Every structure is written in C-alpha cells, then in structure tokens.
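Protein chains: 2
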Amino acid sequence: MTNDVKLTLEEVHATTTEVLKAQGFNAAHANAIANTVTAAERDECRHHGLFRLSFYVNGLHSGMASGNAQPELSQLAPSVLRVDAKYTFSNLSIAMGLEPLAKLAKEQGIAALSINNALSVVALWPEVEQLAEQGLVGFSFVAAAPYVAPAGGSRPLFGTNPMAFAWPRKDRPPLAFDQASSEMARGEVQLRLRDGRLLPEGAAIGPDGQPTRDPAMALVGAQLPFGGAKGSNIALMIELLTGPLLGDLLSFEAGERDTANTGAPCGGQLIIAMDPARFNPTGDPDAHLAHGEKLFEKILEQEGTRLPSDRRYEARGRTPSEGVTIPRSLFESLESLRQGHRPERHDYEGDQVLV
Amino acid sequence: MTNDVKLTLEEVHATTTEVLKAQGFNAAHANAIANTVTAAERDECRHHGLFRLSFYVNGLHSGMASGNAQPELSQLAPSVLRVDAKYTFSNLSIAMGLEPLAKLAKEQGIAALSINNALSVVALWPEVEQLAEQGLVGFSFVAAAPYVAPAGGSRPLFGTNPMAFAWPRKDRPPLAFDQASSEMARGEVQLRLRDGRLLPEGAAIGPDGQPTRDPAMALVGAQLPFGGAKGSNIALMIELLTGPLLGDLLSFEAGERDTANTGAPCGGQLIIAMDPARFNPTGDPDAHLAHGEKLFEKILEQEGTRLPSDRRYEARGRTPSEGVTIPRSLFESLESLRQGHRPERHDYEGDQVLV
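Just so you know, the protein sequences line up as chains D and Y, in that order. The letter at position 22 of the first sequence is residue 22 when you use the working numbering, and the numbering goes up by one with no holes. The letter at position 76 of the second sequence is residue 76 when you use the working numbering, and the numbering goes up by one with no holes.
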C-alpha cells in the first residue's frame, strides 16, 4: 500500500461535495466550494485543494460560518454590484456575482463587484481567469487575518492580502497571476513548519521583532511584506480596498472576530472587470489580443523567464486524464468526514496545524 | 556666493512657465506643466521638479513632442473616458480629464480615464491625490521606456512602470503612494552615477546579465523589478493596462519610437476612480473615512512605521513659507533657457546625464 491515493477530478468534485453535505453545507454551497477545490486540484494548487476542506468544515462547526444562508445580489451604483455573502464562504457569492459583473463591464466599460461578509479561503485566480475567458481584464483583492507586519513595524496587522490579475488570450487560457502581498503565503510557512524546513531570509520576524527563519517563531511573530516598503504599500492598499471601501472588516478586525481561530476570517472582497473592447480607440475590438502576445513573446524569448500562469496550465493539461494524488492520511480524514464524523481536534486549529 | 539658490513656490511656477514658453510651449501646456513641477518642488520630490524641465525641453526640440497640440476629451463607454494627448506631454491631458473622471466616478461608482499618445515624465501622485481630495479612491498606472528585465531574464523589456494609489482622509491631505515597479527609480540610478555611489544589491544587472552595483553598468544593462517575481508581475500588469488595453505602446515599442532618446517616451496612462459613497452598504457616505483612520492609527502605533505620503506632506507644510533651494548650476541652466537659448548638448541625453 502506497502512501498516496489517486483520484480523478470527478472523484475530487464528488468527494468534496459529499464531505461538505455530510458536514452540514447545503447543496448550493457544497457545489460552489467543490468547483473551486476541483479547479485547484486540477491546476495542482494544493494549498487550495482538498487540503482546504478542513478549513471549510472547521469554519462551519466553529459557528463562524453559515453553510446554508443564501447570498444576495444587489446593485449599488450603475457600475457597482454587491453580493452580501451573509457569513457564508465566499465561493457561492463569487459564482453568483461573476456573470452579472461581466455583463455590466461589457455595458459600462469598467465595473466592480463588492462581496461583503464572506469567509474567504479560496485562491483568487479562478475568478479573474473566468472574467478573462470572457474577454475581460480582471482584478481581485482580498484581505483578512492579521499575519503581516507593516514595513518598519514589528507586530502583525495586515493580512497576507493577495491580489490577482488576468488578461485574455486568444484560443488559449488567460494570463493570470495571484500573489500574496506577504513575502510568503501563510500555507507555505505552515508547510515548512510541518516539514521542519527553515524560511528564507526576510520572510518573517519573531515575537521579539527580530528576523527569524524558524516557521514556528514566524507563526507567533509576524510575516513580512514582499519587497519591503513597496509590498507593504500594496498590502495597505488592499486593506483599504476590501475593508473601509466596502464597509467591511480590516484584517485585524477580522482576526478579532474569528474567536475560534478558524483560519478563515470574514471580510470583504473587491473584483474589478474592464472590457478592452470599450477602451481600445482603434475600433478593432480584438486589437489588444495580438498586442499582448507581442509582449509575452518578448518575455519568453529571454532565457530563464516564464509567464505567471504557465505552471498551472501545464498541470491542467495533465490532470484531467492522469488524475491527482493526495496523501493517504488526507484521504482517510476525508473519508471520515464524508461519513459524518466531526473533524478531530487538530483539524480545528486552522492556522497552526495541517491535516 | 553659495552653490544654492532659493526660490519661492511662486517663483518656481513663474520660472517654469517662462522657460517653457520661451522654448516653444503654448500657454496651456506651459501652465499645466508648471503646476506639476511646482507641486513636486513644494513636496520636495526633486526628481519631478525643476530638474525635469530639461526633459520637457528636450522632448520638444527632439521633435518627439508637440508643445501646442490641443488634447481631445471623448467618452468611450458609459464609465470610460479618453483624452488623446496628440503627442504632447501628459500634464495638460491629465488636468483636462481629471474633473470629468471624478464626476463620472461619482455617478457610476467606478470610472476609468484612458490617456493616449502622451509623453510622460511626471509623478503619478498628483492626480490620485486630486481625486482623493474630492473624496474618491484613485489608481494611476503608466509604463514606457524599456529599462527593467522581467524576473529571471537578462535584458530590459519593461518600463520602470509606476503605480499610484490614493485614499481620502477627513480634514487632511489624502494618503497616497506612487512607486516604481523597479527596485529603484530611474532617476535614482542616474543620481548615483552622478554622485559616484554604488547601487544596493539586487537593483540591477549589467549587459552581461550578471548582478552589478555599478550605476553605469546598470544604465546600459537592466534594472530589476522590486520584490522578484511578484514585482515583475506588477510591471507586466502595468504594461498590459497602459499598452494593449488602451491601444497604446508597450515600453519596448515606446523605446523604439523614441529615436532621440529623450528619456520621455510616449505611451498610455490609465487612471481609475472609485466613489466610496457608492460602495458602502451602510448608507453612511462617510463611514469609510473613520474606518481608514483606524488602520492608520494601528500602523503608526508601531514604532518604525510611517504612512507613505508623510514625508511629502511634511515638506508641504514648510515650503510655501520657506521656499525651496536648487543648485546654482540648475538655476543658471534655467536662466539660459528662459532667455530662449537652446539647451546645451548634454541636456539632451535625458537618460544618461543630469543637468
């Protein structure tokens, strides 16, 4: 018996749906989460795949998240939509808001979608990629959970605050990136703790405010922004865009609210879509596509470069036929959850311990 | 006789206007540029102050820029405006587009302004600050001039590609940042060459693709993005937003067009404005203001931190009464230009030599 278990993507989706329903999510939420988890496994983004199910389940059992409230879509202004997630996980709210956002962006040229009161444990590339598959340019921003010290400071205040961006390409998947404004993703620090590996220089400080490479010290101290003061400015911008702008929580407020330490705190998310056909003054609605490719060619003709989404798309070419492998321990945890057993205690400590 | 000359801000504005008119700019362009230059001197952003006048003058005499074409405002979509700068410097076009953009953002919730065919040598904080002074959230992006290698690469391709962001504050100037997506601003590399100082590690590579701290090697090699692959993604995003999205030039194309090496290549600029009053679901149109202050307080209570615009505002408190000082050599160059003399040859090499 090997330590890995192989699953098809269909099995990933079915397992996720069944686990979530057995744990108390309604069908709509279970399906929306399963779509996200399956997309992550398909692209071999393991942090956001089946490994993440414990975050969803913990969030539900902690009482911090609802598994069946119905998100509500409304229009705040001619170019601004809102989905009130009503303290559910963001997956269904994003799915509900994305089509209306795309339609509005095509009418108005630029449009925004505000998502409020959502627990977010998802990657951001799926939604910007979906926008770009419809020919749009997409931004997405989310904050939450105070893990990162501002530049020059010594205590956690900002979230790891990722931003994503996608650009449409003709006859191939969009160019997309999705990056934390911290030097490292939270999950990567956790993985290094589990695996007994040191952090690189410059990624974290300990509770004493001094640089540390020890992931355990980093988790009780603070992570650092990427790129010094400039990355810290990006993190600050994302706090303002997803908290005060949307009338939602700042990361430190979300941390205060998450009394169960689910690792899935609640907050706002801002998604912006632009239609290049409404910007291009030449009258050729596809002029931007060939033009973007000129840039990508120039990048790739330099040895040592790659485009930001290439690794995911390479995986996407393989996994629909080859399936994905997960550790047997994770598979067994999922089987237990599918049978309706509550997660073991260590599953609850979202921020500290991995399945 | 000291080596510095003191000027009031009124004298800065008058000198700039007179120099530009004497060199061939019409009154509208001269005034718009003088506003920008004076704002930069007022905030002690020397790179964009009187020192920059040689870039404007060189751009005009090189034939790359027009000093009197009239920019044209149009509406591309319900939430998208455009100013065709007609190969003038961007200052007047931004001034023309900013009020209509602010008005549209208040109506629509979010709106964008595309500026095409503009030579840009300005800082971006003035326009986002102006938007935020009207209660809006502002973004600005500009590319142009291939100085920066993509992550992993070895040759210049991206511009130094700055982005700016501003957030409104009650009864005080906005929070604003304006940062290159290169590790260093171009002007800072030039200043270190002039002053015989080394670059920090990680800022540049030489023409051989190897790391260098020699500013002369950096100027003929390539600068590097800030924060590695993440900063490179930001630079890539800005190329796409200001080139293909707007139907304008990529940095490498702008470099090819700038056959006179004016250091002021031509391209697009994207400005986005959002009205927090149209996003906030609470119905209190000012809720975001107090909420943003909560974050700023949390940042500043950590020793060693500051807000991104604090240095500029500190200068702004002093210079209206105290004036600014400039090197006598610069003052004398400006006097010569004001009398209608053409700049000396070394003034033309915008990228390489400082006045």
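A hint or two may mislead.
Copies of the same chain look alike in the list, so a pair counts if it fits in one copy or across any two.
[What the hints assert, rightly or not] Derived lysine-lysine pairs resembling DSS-like cross-links, with alpha carbons at most 30 Å apart:
no. : residue 1 : residue 2
1   : K21       : K170
2   : K86       : K6
3   : K106      : K86
4   : K6        : K106
5   : K86       : K294
6   : K6        : K170
7   : K6        : K294
8   : K170      : K103
9   : K294      : K21
10  : K106      : K21
11  : K6        : K103
These are calculated hints, taken from the structure and not from any lab test. Being a predicted model, the structure only gives us computed values, none of them experimental.
Evaluated hints:
In this assembly of identical chains, the alpha carbons of K21 and K170 never lie at most 30 Å apart, being 38 Å within a copy and 48 Å across copies at closest. Taking the shortest Cα distances, K86 and K6 never come within 30 Å of each other, neither inside one copy (36 Å) nor across copies (60 Å). For the homomeric pair K106 and K86, the shortest alpha-carbon distances inside one copy (28 Å) and between copies (27 Å) are both at most 30 Å. For the homomeric pair K6 and K106, neither the shortest alpha-carbon distance inside one copy (42 Å) nor that between copies (53 Å) is at most 30 Å.
With identical chains, the CA atoms of K86 and K294 are at most 30 Å apart between copies only, with a shortest distance of 24 Å across copies and 44 Å within one. For the homomeric pair K6 and K170, neither the shortest alpha-carbon distance inside one copy (33 Å) nor that between copies (57 Å) is at most 30 Å. In this assembly of identical chains, the alpha carbons of K6 and K294 never lie at most 30 Å apart, being 40 Å within a copy and 49 Å across copies at closest. With identical chains, the CA atoms of K170 and K103 are at most 30 Å apart within one copy only, with a shortest distance of 20 Å there and 35 Å across copies.
In the homo-oligomer, the alpha carbons of K294 and K21 never lie at most 30 Å apart, since the shortest distance is 47 Å inside one protomer and 39 Å across protomers. Taking the closest pair of Cα atoms, K106 and K21 never come within 30 Å of each other, the shortest separation being 36 Å inside a single copy and 43 Å across copies. Neither within a single protomer nor between protomers do K6 and K103 lie at most 30 Å apart by alpha-carbon distance, with minima of 39 Å and 56 Å respectively.
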